[in-house]
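Heads up: the protein sequence lines correspond to chains A and B, in order. According to numbering that gives the first Met the number 0, the stretch in the first sequence is residues 0 to 303, in order. According to numbering that gives the first Met the number 0, the stretch in the second sequence is residues 0 to 303, in order.
Treat each hint with caution, since some may be false.
For chains that are exact copies, the list does not tell them apart, and a pair is met inside one copy or across any two.
List of simulated lysine-lysine pairs, DSSO-like, C-alpha gap at most 30 angstroms [said to hold, decoys possible]: (1) Lys-248 to Lys-274; (2) Lys-187 to Lys-274; (3) Lys-248 to Lys-165; (4) Lys-204 to Lys-190; (5) Lys-190 to Lys-274; (6) Lys-40 to Lys-137; (7) Lys-61 to Lys-137; (8) Lys-204 to Lys-248; (9) Lys-190 to Lys-84; (10) Lys-84 to Lys-187; (11) Lys-290 to Lys-187; (12) Lys-22 to Lys-274; (13) Lys-274 to Lys-204; (14) Lys-84 to Lys-204; (15) Lys-137 to Lys-164.
Don't read these hints as lab results, they were simulated from the structure. Quick caveat: nothing in here was measured; it's all calculated off a predicted structure.
2 protein chains.
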Amino acid sequence: MSLVAVGTVAFDDIETPFGRAEKVIGGACTYISLAASYFVKPVRIVSVVGDDFPEEMLDYLKKRGVDLDGLQIRPGEKSFFWAGKYYRDLNTRDTLDTQLNVLATFDPVLPEAYRRPEFLMLGNLTPQVQLRVLNQLKQRPKLIAMDTMNFWMNTAMSDLLKVIKKVDVLTINDEEARQLSGEHSLVKAAKVIHQMGPRYLVIKKGEHGALLFHRGEVFFAPALPLAEVIDPTGAGDTFAGGFMGYLAKTGDTSMSNMRRAIIYGSAMASFCVEKFSVERLQGLTPAMIRKRVQQFSDLVHFEI
Amino acid sequence: MSLVAVGTVAFDDIETPFGRAEKVIGGACTYISLAASYFVKPVRIVSVVGDDFPEEMLDYLKKRGVDLDGLQIRPGEKSFFWAGKYYRDLNTRDTLDTQLNVLATFDPVLPEAYRRPEFLMLGNLTPQVQLRVLNQLKQRPKLIAMDTMNFWMNTAMSDLLKVIKKVDVLTINDEEARQLSGEHSLVKAAKVIHQMGPRYLVIKKGEHGALLFHRGEVFFAPALPLAEVIDPTGAGDTFAGGFMGYLAKTGDTSMSNMRRAIIYGSAMASFCVEKFSVERLQGLTPAMIRKRVQQFSDLVHFEI
Numbered sequence: 000m001s002l003v004a005v006g007t008v009a010f011d012d013i014e015t016p017f018g019r020a021e022k023v024i025g026g027a028c029t030y031i032s033l034a035a036s037y038f039v040k041p042v043r044i045v046s047v048v049g050d051d052f053p054e055e056m057l058d059y060l061k062k063r064g065v066d067l068d069g070l071q072i073r074p075g076e077k078s079f080f081w082a083g084k085y086y087r088d089l090n091t092r093d094t095l096d097t098q099l100n101v102l103a104t105f106d107p108v109l110p111e112a113y114r115r116p117e118f119l120m121l122g123n124l125t126p127q128v129q130l131r132v133l134n135q136l137k138q139r140p141k142l143i144a145m146d147t148m149n150f151w152m153n154t155a156m157s158d159l160l161k162v163i164k165k166v167d168v169l170t171i172n173d174e175e176a177r178q179l180s181g182e183h184s185l186v187k188a189a190k191v192i193h194q195m196g197p198r199y200l201v202i203k204k205g206e207h208g209a210l211l212f213h214r215g216e217v218f219f220a221p222a223l224p225l226a227e228v229i230d231p232t233g234a235g236d237t238f239a240g241g242f243m244g245y246l247a248k249t250g251d252t253s254m255s256n257m258r259r260a261i262i263y264g265s266a267m268a269s270f271c272v273e274k275f276s277v278e279r280l281q282g283l284t285p286a287m288i289r290k291r292v293q294q295f296s297d298l299v300h301f302e303i
Numbered sequence: 000m001s002l003v004a005v006g007t008v009a010f011d012d013i014e015t016p017f018g019r020a021e022k023v024i025g026g027a028c029t030y031i032s033l034a035a036s037y038f039v040k041p042v043r044i045v046s047v048v049g050d051d052f053p054e055e056m057l058d059y060l061k062k063r064g065v066d067l068d069g070l071q072i073r074p075g076e077k078s079f080f081w082a083g084k085y086y087r088d089l090n091t092r093d094t095l096d097t098q099l100n101v102l103a104t105f106d107p108v109l110p111e112a113y114r115r116p117e118f119l120m121l122g123n124l125t126p127q128v129q130l131r132v133l134n135q136l137k138q139r140p141k142l143i144a145m146d147t148m149n150f151w152m153n154t155a156m157s158d159l160l161k162v163i164k165k166v167d168v169l170t171i172n173d174e175e176a177r178q179l180s181g182e183h184s185l186v187k188a189a190k191v192i193h194q195m196g197p198r199y200l201v202i203k204k205g206e207h208g209a210l211l212f213h214r215g216e217v218f219f220a221p222a223l224p225l226a227e228v229i230d231p232t233g234a235g236d237t238f239a240g241g242f243m244g245y246l247a248k249t250g251d252t253s254m255s256n257m258r259r260a261i262i263y264g265s266a267m268a269s270f271c272v273e274k275f276s277v278e279r280l281q282g283l284t285p286a287m288i289r290k291r292v293q294q295f296s297d298l299v300h301f302e303i
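Just chain A, with the same shape it has in the complex:
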């Protein structure tokens, strides 16, 4: 089934306790589309870059079955740029620099072929841009997922709530779920957030895994304990890409398949963090992904 993904395609400067990477490929939509491309083709992206964005990466995305018709390339302008520094525990990071560049005036335009997707992933962006995407759809997708962050809760709550009301799946981290709901207990937070619109709430906890809440049911997926975590950038987007890619591939939104999709998303995220930027997401094989999913199964297996 068809998947449309909206979000940034960008450059990052990244500093972690294990090294630095300068002006590397980043952006939510890059991670989402790469991860999803292992499950479904085409992944249609809606984004914007300047003419500084490397041709080779665009070619690579096309080769992986990513449809770039919805990617605006602005001559004479620069791509979105983010610089961040991670602390020792890799769970906290500081933003050192944000240069909106092309993103400052981004007005998403969906090509005709994009307007009836069965699955839609709204990556983290201004709620207004997310809304403008929704308004161009000619048909309600089978499933709409959105990512957002505390920044929009602090600065654009009213618009944010409008988007949240229209989606099926909200993916946020635990602190954001607490902020959005005003509840400390994630069980209570989920109930409040369900009332806002999303039937499914995915709470991302980084190295502590992810929770899926739906109608009083809860599923927990661990993160895979890894010997080397080099760079967590993009792990949440990669998770979302694997999750939505798997759902779009199977076309099945039953809770048992959603559980599986969460595991596939977690498996893709576990690859992502093993190298800087999108490096580890290039050249994976179905066998490598299956093997990793099996590791998740072994990790939590017990019999009672």
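Please build the complex by placing chain B on the supplied structure of chain A, with the hints as guidance.
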């Protein structure tokens, strides 16, 4: 099979965002023995209290099949006392007061019947006291587990390493595993700690669950997402008590049974945090425990 548990029996003052409890029953050995008593009888405890410790609690422990022959009751002295305050996230706490009282001069003496236990749980105490217990054993137990904390790593590392060398299972939290091993990755930390002695490493992550490492194999048990967490005090000890109690009941230290034991420990801990002090650990039934274990199974279940 027989279980001996060593640790504090004490009073706590506890402040959480949800309330206060003053001079309530606490102590590692209290939590361990209560949790274990749901699986195996007798649980033989080695500890010390003053004559201020309530007779009714001692009677209750006896009624639950806890053998108090190894509990020293010191006339005219006061029991160990700890006061702590939890912050909003319940993951961090400050110690407000510690009064060692009877613990300052505690010299554990194992009654004859205690000297050949099949399972031994060394709760968090001075490493020297833990060593003195080990030195009184007439026979190597089938399994020795120990708990410890960063305080002993900072102040008594040399003695601590001597105890660690002699045990099969070490239970510590993630930050302590990192401190003890000098490795940030828990996978690498486990390898370093295995070299120090323990064949099994249990890393407790509070609301983020627990990991069990053994010979390159890793098992992850989530914490149960709860609507109400009132007081995390004693959750780690309750976990250890459920874990060792289940192992002592079954007498089976295969990895598949260790996985199950971790789940039983996690289930007991999930009860513990629902009320202040040991309140929730009184009056549980086997059916309630089975039901909760089933919830853990449902929580992580997926098919690939």
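Taking the hints in turn, this is what the structure says about them:
no.	hint	in the structure
1	Lys-248 to Lys-274	within (26 angstroms within a copy, 45 angstroms between copies)
2	Lys-187 to Lys-274	between (36 angstroms within a copy, 17 angstroms between copies)
3	Lys-248 to Lys-165	within (23 angstroms within a copy, 52 angstroms between copies)
4	Lys-204 to Lys-190	both (18 angstroms within a copy, 25 angstroms between copies)
5	Lys-190 to Lys-274	between (36 angstroms within a copy, 22 angstroms between copies)
6	Lys-40 to Lys-137	within (21 angstroms within a copy, 67 angstroms between copies)
7	Lys-61 to Lys-137	within (25 angstroms within a copy, 71 angstroms between copies)
8	Lys-204 to Lys-248	within (25 angstroms within a copy, 35 angstroms between copies)
9	Lys-190 to Lys-84	between (34 angstroms within a copy, 28 angstroms between copies)
10	Lys-84 to Lys-187	between (33 angstroms within a copy, 23 angstroms between copies)
11	Lys-290 to Lys-187	between (35 angstroms within a copy, 21 angstroms between copies)
12	Lys-22 to Lys-274	within (15 angstroms within a copy, 51 angstroms between copies)
13	Lys-274 to Lys-204	both (20 angstroms within a copy, 25 angstroms between copies)
14	Lys-84 to Lys-204	both (19 angstroms within a copy, 25 angstroms between copies)
15	Lys-137 to Lys-164	within (18 angstroms within a copy, 67 angstroms between copies)
Figure legend: structure checked against the earlier numbered hints; every hint is met.
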